[in-house]
Structures are given as C-alpha cells and as structure tokens.
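Undergrad: Residue-level listing of the chains:
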Amino acid sequence: MAEEQKPAEAAEAPAPSGPASPILKRLVDGFGDKILSTHEFRGDATAIVDRGALIDVCKLLRDDPELAFDFLMDVTAVDYIGRVPRFEVVYHFYSLAKNHRVRIKVPLEEGDPKIPSVASLWPSADWLERETWDMYGVKFEGHPNLKRIYLYEEFEGHPLRKDYPKEKRQPLIGPGAVHKIPENDDLTI
Amino acid sequence: MADDPKNGSAAEQDALDLDFETMELKVGPSHPATHGTVRIQLKLDGERIVWSEVEVGYLHRGFEKECESGLYYQAFPYTDRLNYVSPMINNVGYALAVEKLFGVEVPPRCQYLRTIASEVSRMSDHFTCLGACALELGAFTAFLYGVEARELVWDIHDEMCGARVTCNYVRIGGISADVGPEFKAFVDEKLAQIAKLRKDFEDLLLSNPIFIERMENTGLLPKEQLIALGVTGPLLRAAGVPYDVRRAQPYLVYDKIDWDVPIGERGDNMDRFLIRINELNQSTRIIQQCVEQLPDGPVDLNDPHVRLAGKGRVYNKMEELIAQFKLVTEGPKPPVGEVYQAVEGGNGELGFYVVSDGSGSPYKLRARSPSFSNTAALTPMIQGQMLADVIPTFDMINMIGGECDR
Numbered sequence: 031m032a033e034e035q036k037p038a039e040a041a042e043a044p045a046p047s048g049p050a051s052p053i054l055k056r057l058v059d060g061f062g063d064k065i066l067s068t069h070e071f072r073g074d075a076t077a078i079v080d081r082g083a084l085i086d087v088c089k090l091l092r093d094d095p096e097l098a099f100d101f102l103m104d105v106t107a108v109d110y111i112g113r114v115p116r117f118e119v120v121y122h123f124y125s126l127a128k129n130h131r132v133r134i135k136v137p138l139e140e141g142d143p144k145i146p147s148v149a150s151l152w153p154s155a156d157w158l159e160r161e162t163w164d165m166y167g168v169k170f171e172g173h174p175n176l177k178r179i180y181l182y183e184e185f186e187g188h189p190l191r192k193d194y195p196k197e198k199r200q201p202l203i204g205p206g207a208v209h210k211i212p213e214n215d216d217l218t219i
Numbered sequence: 376m377a378d379d380p381k382n383g384s385a386a387e388q389d390a391l392d393l394d395f396e397t398m399e400l401k402v403g404p405s406h407p408a409t410h411g412t413v414r415i416q417l418k419l420d421g422e423r424i425v426w427s428e429v430e431v432g433y434l435h436r437g438f439e440k441e442c443e444s445g446l447y448y449q450a451f452p453y454t455d456r457l458n459y460v461s462p463m464i465n466n467v468g469y470a471l472a473v474e475k476l477f478g479v480e481v482p483p484r485c486q487y488l489r490t491i492a493s494e495v496s497r498m499s500d501h502f503t504c505l506g507a508c509a510l511e512l513g514a515f516t517a518f519l520y521g522v523e524a525r526e527l528v529w530d531i532h533d534e535m536c537g538a539r540v541t542c543n544y545v546r547i548g549g550i551s552a553d554v555g556p557e558f559k560a561f562v563d564e565k566l567a568q569i570a571k572l573r574k575d576f577e578d579l580l581l582s583n584p585i586f587i588e589r590m591e592n593t594g595l596l597p598k599e600q601l602i603a604l605g606v607t608g609p610l611l612r613a614a615g616v617p618y619d620v621r622r623a624q625p626y627l628v629y630d631k632i633d634w635d636v637p638i639g640e641r642g643d644n645m646d647r648f649l650i651r652i653n654e655l656n657q658s659t660r661i662i663q664q665c666v667e668q669l670p671d672g673p674v675d676l677n678d679p680h681v682r683l684a685g686k687g688r689v690y691n692k693m694e695e696l697i698a699q700f701k702l703v704t705e706g707p708k709p710p711v712g713e714v715y716q717a718v719e720g721g722n723g724e725l726g727f728y729v730v731s732d733g734s735g736s737p738y739k740l741r742a743r744s745p746s747f748s749n750t751a752a753l754t755p756m757i758q759g760q761m762l763a764d765v766i767p768t769f770d771m772i773n774m775i776g777g778e779c780d781r
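Line order of the protein sequences matches chains A and B. Converting from the first sequence to my numbering requires adding 30 to each position, the first position being numbered 1. Converting from the second sequence to my numbering requires adding 375 to each position, the first position being numbered 1.
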C-alpha cells in the first residue's frame, strides 16, 4: 500500500498551477505548506492537512461564505499499518448552500494518535469521534465525553486496527456471562 | 419546553419546587417501544425529562471488519443487513461506490432497475416506520394496514430478485437478474393495491385525535441544530430544508424522472409523519415512470474484469474464461484510490467510503449511516419534553439497529 500510494500522491501534489477544485485552491492559498498534499481522485476533492492546522482549516471550511460547509457528514480513520505515519483520520464535509463536498485527511503517528476534537464546531462530531476512538483508538483532545460507543468499557484493544485479529474473542461480562473463558485460553476460535 | 401559562415558565416552576427529587428511568435495551435494541437513560422531574443519554451498540456486528476480510463482491450480503428494512438501497449505494472506484457506469436498463429497487426499498422502510409508530401509539389496526402494504412491496422485491427481505440483488457492474416481460403489469397491479392500503392507513390515523395530539408539537428541534447534528433525510426535510441526495447530487436516473421533494414547516413529529406519507407517493410516481420508460438492452456491464460475463461467452472466449476465474478467486481489482459515494437512504444520507489498495478486498469500507447521526439527535429532541413524547420521537427518528450499530 505504502509504496504504491506514494508516487500517486507525489504526482498529485499541488503543482505551480495548483489544484483544479476551488475548495482545494482556497485551502492551499490560505494555509500553504500546512496542506501537505491534495488530490481529486474520481472528482472527490481531498486535502491532507497537518494536525496542527486542523482546527483553523475547519473554522475556515465552516465560516467562509465561499466554502460554507455546514454538515460534518462523517468522521472515521484508516489504519495503514506498516506505513509511516500509520493512521489517517478522515472527515467528510458537505455544504448545503454550495452543494459541494470535501474530504479532509489528517495523518497521525502510531506512537501519538491524538488529534483535536471538532465537536465544538459541529456537534455531529460527538458520536462520530467516539466511534473512531472506540474502533481505532484515536484520542480526540477536547472532546466533551470521549468514551466507547459500541463496545463496553472492559473491552481491550480497538477492533478496526489492522493488527486486531478478526477471530479474537474477549471474555463476556455482566450477569449474563455464564460461559467464562479459561485463563489460559488464547481467546482465538 | 412546554410552558404552562397558569404556573409560569418551566424555570419558574423549578424554582418553586425547591425540594424535588429526580427519578431515574432506564428504557431498553429490550423494550417493546424500542423496535431495535437501544437503551435510553432518563432522569425525570415528574413526567418531564431533565436529562437523557442514548446508548447504542447492542447490534454491533463488526460490519467493516468483516467486509475488509472478504472480497469486494462478498460485502453485498453484509450491506443487506445494514438497514434491513431497505436492503436494496444499501446494495445500490455500495455498488455505486465500487463502480466509482473503477470509473465505470452500468447500462441504462440496469440504472432504471436499480432506481426501481431503491424506491421499492424506500416504500418498505417508510411503511415499517409509520406502521410501527402507529402500533407504539396504540393504533394496532393501522399497523396491520401498514404491514400488509409492506408485504405487497416485498412482493415486488420477490419479483425482482427472488427474495423478500435480505435480497442481495445488486452486483458490481450490474444486477443479479433481469426482470421478465410481465414486470410492468405486475408492478402496476401491486402499486394500485398499495395505494389503496396507504389511503386507508392515512385515513385511520389522521382522523384519530389521540394520534394527532401525540404527534403534533413533539420532538421539535430547529433546523440549524439539526444541520449541526448531521441529521438528514425525512427529519431534516420535515423542518423545511429540502436536502435530498437524489435531488442535490443526482445518481442513477433521478434527474430524468419527474418527482418532488416534499418539505414540512414546523419539523414536529406530525410533519415527519406527513413527509413520509408524501414520500410514499413520490416513490410510487418514480417507480411508475421507471417501469414506463424501462429501456431494452443488457443489465450487466460489458467488462469481464468487473462483472462476470455470461456463460456463453465464458465457455467460448479465452479472455472471459480467465477473467471469470480471476474475478471469483481474487475478486475485482479497482485501481488504488479512495471514493465517497452518497445515496438517499430511507432515513437520510447513506454514504460509502471505500479505500482501495489495488487488491481484491476493500482496504477500508466505511458506511456513513443516517440512523447513527439521527439517533444522536434524540437527546436534544426530548430534552424538557414529557416522558410520553419519547415514543413518537424515537419512532420518527426510525433508528434501525443494523445500520446504526453496524
């Protein structure tokens, strides 16, 4: 994955003429090298943003009348295991007034999977960031209530990470847990 | 918040009741009024809700993990089980996302059939939502009318793909089966029966003062707040925002068909109910026009590396034979890249984000499900309302566990 994607990204990095999409152009003009790269694969405008600039980029996306992204449709992450940086947090925005979309991606190092929360800008991020924390173990700093949303607090690990085995079992909890798994069980089927 | 003109505002009432204790109430996860498994924790002051929290996840099956470990075409049965009341829309959304990754477009006949499939599923979704809402507000008879109509909707499902509920109908680059020559007559007959039942269903409920009083002015939330919470679909349209993916960013043949986006004014549960009734009409219109205009021609893409070629070609042509083996054992291989494709699901924007690493399995397959974001809006909707208002509000949110918990 890592080797295959790098040349493509390098080729699509903002050339002197800049990206074709006016959304990406505005981001590149406003933030310069904080926008690490951009691409428009199959027409989906995508900007890869440095973590430190995420909040400022998001404020511009929401408040600029030319961009006006009032919907944060989705937050998720991708685990590119073996690549440096390992994680990418992916945001999908939609603007009702302008009827356009943009994807913002923020790369995160394996040893430091932390990112500022955007829940104060879009309340929809509340549950979506909780889900991303639950599934990938990415910490959203400043989130009002960052706890697991699908799984239970005793669950160990983050199941959508690529190094979490699909067959792995975890002990049942609570009063209904009649089938205890023995201590020496390796918890795989 | 309902202010009582005799006793002053709610805040004033709070100040008067100096020594009140809140009562904690936990609804679900297995409760007759939460069709789907969800747990709602409430703190009540009398019958008024002062605090609430919604817990989801009881139906989490690891949709993404399963899909990432299989080949592209093996994800279709899992998408069926996202919103299991409108499985064909999920099939269509996923297929469109993978086709966008490939950069291909299916033939016109397939596009029309997929549009019909989507609208049939939407009718199934709306009838289930409205019928269950009626049932939970005590109107058992109306529920039976809704469910009977849904059975007829599923007859159309059955005619198209041979299954009634989990249909697994769409394929990457095509559909599993074409329809026969008698399809139009069959659909017209079923739609006429459905229209009659829908009329009865509507009349039963909209002439019932109890139903109306429980629906009107409950579950209100201003549209700005709905947008901020990422709420889409009938909930948003009921509040007067005409956002519908089929109109805003048309896919399939929605831009060639004459139909309207109904919008409401107040955005209460009654408006949400009426929007869904109206959308049943619109879906009927779309299906009627699609079967009328259904073009002749192939339903499958003519590319053996994306869609299995017919047996006649596989047995007689080397390229197709090789492609069939490769496709079945290794899966279709889209180019490296990532796409997001949105379709209008039964409850709002259903988006698929697919990342390809060039292999036959999706590296990442994410479903942006409308139920998840819509359920997050339950807490602000019931804040300060009466306990009894939780039921119609939750019904109109129409949380589908399979889609919300993935």
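If you're looking for bench data, these hints aren't it; they were derived computationally from the structure. A virtual CB, placed ideally from N, CA and C, is assigned to each residue, including glycine. Hints may be right or wrong, so weigh each one.
[As the list claims (entries may be wrong)] Reference excerpt, derived from the structure (chain A facing chain B, CB under 10 angstroms, subset only): (1) Y124; (2) R199; (3) L202.
[Claimed, not checked] Across the chosen pairs, the derived CB separations fall in these ranges: (4) B:R641 x A:E96: 42 to 48 angstroms; (5) A:Y194 x B:P452: 20 to 26 angstroms; (6) B:R436 x A:G204: 15 to 21 angstroms.
Undergrad: Is the shortest C-beta separation between A:Y124 and chain B less than 10 angstroms?
TA: holds, 8 angstroms
Undergrad: Confirm or reject the claim that B:R436 and A:G204 have a C-beta distance inside 15 to 21 angstroms.
TA: Roughly 19 angstroms apart at Cβ, these two residues keep to the hinted range, so it holds.
Undergrad: Is the distance from the Cβ of B:R641 to the Cβ of A:E96 consistent with 42 to 48 angstroms?
TA: violated, 32 angstroms
Undergrad: Indicate whether the distance between the beta carbons of A:Y194 and B:P452 respects the range 20 to 26 angstroms.
TA: Given a distance of about 23 angstroms, which is inside 20 to 26 angstroms, the answer is holds.
Undergrad: Answer holds if the nearest beta-carbon of chain B is closer than 10 angstroms to that of A:L202; otherwise answer violated.
TA: Given a least distance of 14 angstroms, the restraint on A:L202 is violated.
Undergrad: Per the CB criterion, is A:R199 less than 10 angstroms away from chain B?
TA: Where the cut-off is 10 angstroms and the nearest Cβ of chain B is about 12 angstroms from A:R199, the hint is violated.
This entry does not satisfy hints 2, 3, 4, going by the numbered hints stated previously.
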